[in-house]
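Chemist: The chain contents come next:
2 protein chains.
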Amino acid sequence: MSGRLYVVGLGPGDPDWLTPEATHVLGEASDLVGYAAYLDRVPLRAGQARHASDNRVEIERARHALALAATGHVVAVVSGGDPGIFAMAAAVFEAIERGEAAWRDLAIKIVPGISAVQAAAARIGAPLGHDFCAISLSDNLKPWSLIEKRLRAAAEGDFVIALYNPTSKARPDGFRDALVTLAKHRAGKTPVIFARAVGRSDERIDITTLADADASRVNMATLVLVGSSATRLIPRTGERPWVYTPRGAS
Amino acid sequence: MSGRLYVVGLGPGDPDWLTPEATHVLGEASDLVGYAAYLDRVPLRAGQARHASDNRVEIERARHALALAATGHVVAVVSGGDPGIFAMAAAVFEAIERGEAAWRDLAIKIVPGISAVQAAAARIGAPLGHDFCAISLSDNLKPWSLIEKRLRAAAEGDFVIALYNPTSKARPDGFRDALVTLAKHRAGKTPVIFARAVGRSDERIDITTLADADASRVNMATLVLVGSSATRLIPRTGERPWVYTPRGAS
Chain U
1 MSGRLYVVGL GPGDPDWLTP EATHVLGEAS DLVGYAAYLD RVPLRAGQAR
51 HASDNRVEIE RARHALALAA TGHVVAVVSG GDPGIFAMAA AVFEAIERGE
101 AAWRDLAIKI VPGISAVQAA AARIGAPLGH DFCAISLSDN LKPWSLIEKR
151 LRAAAEGDFV IALYNPTSKA RPDGFRDALV TLAKHRAGKT PVIFARAVGR
201 SDERIDITTL ADADASRVNM ATLVLVGSSA TRLIPRTGER PWVYTPRGAS
Chain H
1 MSGRLYVVGL GPGDPDWLTP EATHVLGEAS DLVGYAAYLD RVPLRAGQAR
51 HASDNRVEIE RARHALALAA TGHVVAVVSG GDPGIFAMAA AVFEAIERGE
101 AAWRDLAIKI VPGISAVQAA AARIGAPLGH DFCAISLSDN LKPWSLIEKR
151 LRAAAEGDFV IALYNPTSKA RPDGFRDALV TLAKHRAGKT PVIFARAVGR
201 SDERIDITTL ADADASRVNM ATLVLVGSSA TRLIPRTGER PWVYTPRGAS
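In order, the protein sequences belong to chains U and H. The numbers in the working numbering rise by one with no breaks, and the one at position 36 of the first sequence is 36. The numbers in the working numbering rise by one with no breaks, and the one at position 6 of the second sequence is 6.
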């Protein structure tokens with residue numbers, strides 16, 4: 001069979017962050033599959049089919065893409081950010097594991113992209129300079145007790161913490177609860193950054209502290225960074241301060 | 001002053017992963033500053049000065065770049081991977097914090113890139129599907145006790161773990177010690193991936209387990225991934241298996 005499947009990271013939204021590899025495979029694909037808001041970012045090309053789906057139906061979307069590839073189509077599943085970081089790649093392999101045997105031998109390529117944590121970090125300085133963790137607060141697929149355990153472990157390890165998907169309809173108070181857990185381990189003056197829609201027209205970045213963080217100000221487009229004990233600010237004249245974490249221990 | 005400083009991520013090595021933003025600023029710069037092996041990746045351009053330095057002199061390199069920018073040069077500090085992830089961005093802000101007051105008001109832009117963990121993950125499937133940590137094992141700048149504490153926390157939190165800089169001359173047994181620590185918390189059958197020089201001509205990927213991992217097979221170009229309790233393989237006919245971590249809890 002000549003079909004193949006690409007799982008493509010579009011990055012955070014700014015086309016200046018779309019890799020040449022992603023541009024190539026989007027041009028090569030006969031079919032694009034993805035959440036409608038991501039498909040809208042890809043320039044239209046005559047003869048290319050588009051299969052838009054709602055958010056939250058990742059497995060169905062992955063199965064659809066695999067079925068198309070298995071019948072000879074060249075399919076690109078589009079994903080925001082990096083498909084391997086809280087995006088479509090894992091859903092594709094879950095669908096393969098549970099799906100038709102032939103899907104295991106399809107030609108599949110994951111095309112990495114700039115993830116939200118990298119875009120947010122670049123805008124504010126170098127907050128990840130030290131070791132860091134990335135945790136999704138979405139509890140659609142994992143119990144809140146596991147999220148809570150990971151937040152505690154990340155705090156005990158003094159990692160810089162990137163929180164993806166801070167809000168969800170299913171658990172509107174999740175982010176508030178996460179801040180309470182982190183505040184048990186980390187000082188109130190710890191820098192906290194809300195980075196919303198980085199690289200898009202509605203980009204907005206707020207720098208606050210763990211003590212002052214207002215949980216109501218995040219939405220699903222917000223990436224939250226919580227500093228380690230070493231993360232600090234460098235003031236600037238008339239500009240937002242830089243936020244960085246030195247590479248050393250203090 | 002019209003000088004400015006870019007800190008540019010070149011990605012793992014394959015030009016197909018270099019963002020358009022990085023290509024633009026490398027073309028705009030009057031001066032390139034960086035470790036010689038990274039400068040060699042940037043096409044030569046007439047009239048552009050190159051300032052190569054050895055590895056391990058990040059702060060001096062950063063100070064040099066800042067001094068050039070402060071006198072009106074347009075300087076690009078080149079970095080492998082993403083400059084914000086165990087690369088040059090943090091060194092630049094350390095130099096600013098300790099350096100001349102005027103450096104704080106320089107125009108500085110961090111240009112993100114694909115980091116080694118993303119390249120490795122893309123090659124093998126979707127190992128990061130769940131929450132993950134990134135830890136540098138280099139103890140040039142932080143005590144081994146802190147690294148050990150973070151390894152323990154990452155293991156207790158059941159994170160997928162990406163290990164950067166697994167070997168160093170200063171601590172040749174660091175990676176071996178790290179495996180021993182992780183093995184206290186995680187099953188011997190846990191998938192471990194050695195991803196060496198991904199995106200370059202000498203790319204090599206080995207999939208093993210925590211029980212069988214041979215610490216002598218890593219070098220400074222190796223990114224090591226250690227799975228969570230949920231990370232698993234999907235066998236393929238005549239090909240390396242896929243490695244992935246489902247998004248759910250099990």
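Hints may be right or wrong, so weigh each one.
One copy or two, either will do: identical chains are not told apart, so a pair holds if it fits within one copy or between any two.
Straight-line Cα separation of at most 30 Å, DSS-like style, residue types lysine-lysine; simulated pairs [as the list claims (entries may be wrong)]:
(1) Lys109 to Lys169
(2) Lys142 to Lys184
(3) Lys149 to Lys109
(4) Lys169 to Lys184
Simulated from the structure, these hints should not be mistaken for lab results.
Chemist: State for each hint whether it applies.
Modeler: Here is how each hint holds up against the structure:
1. Taking the shortest alpha-carbon separations for Lys109 and Lys169, neither the intra-copy value of 32 Å nor the inter-copy value of 36 Å comes in at or below 30 Å.
2. For a Cα distance limit of 30 Å, the shortest separation of Lys142 from Lys184 qualifies both inside one copy, at 23 Å, and across copies, at 25 Å.
3. In this assembly of identical chains, Lys149 and Lys109 lie within 30 Å of each other by CA distance neither inside one copy nor across copies; the values are 33 Å within and 36 Å between.
4. Taking the closest pair of Cα atoms, Lys169 and Lys184 come within 30 Å of each other only inside a single copy of the chain (26 Å); across copies the shortest separation is 38 Å, beyond that limit.
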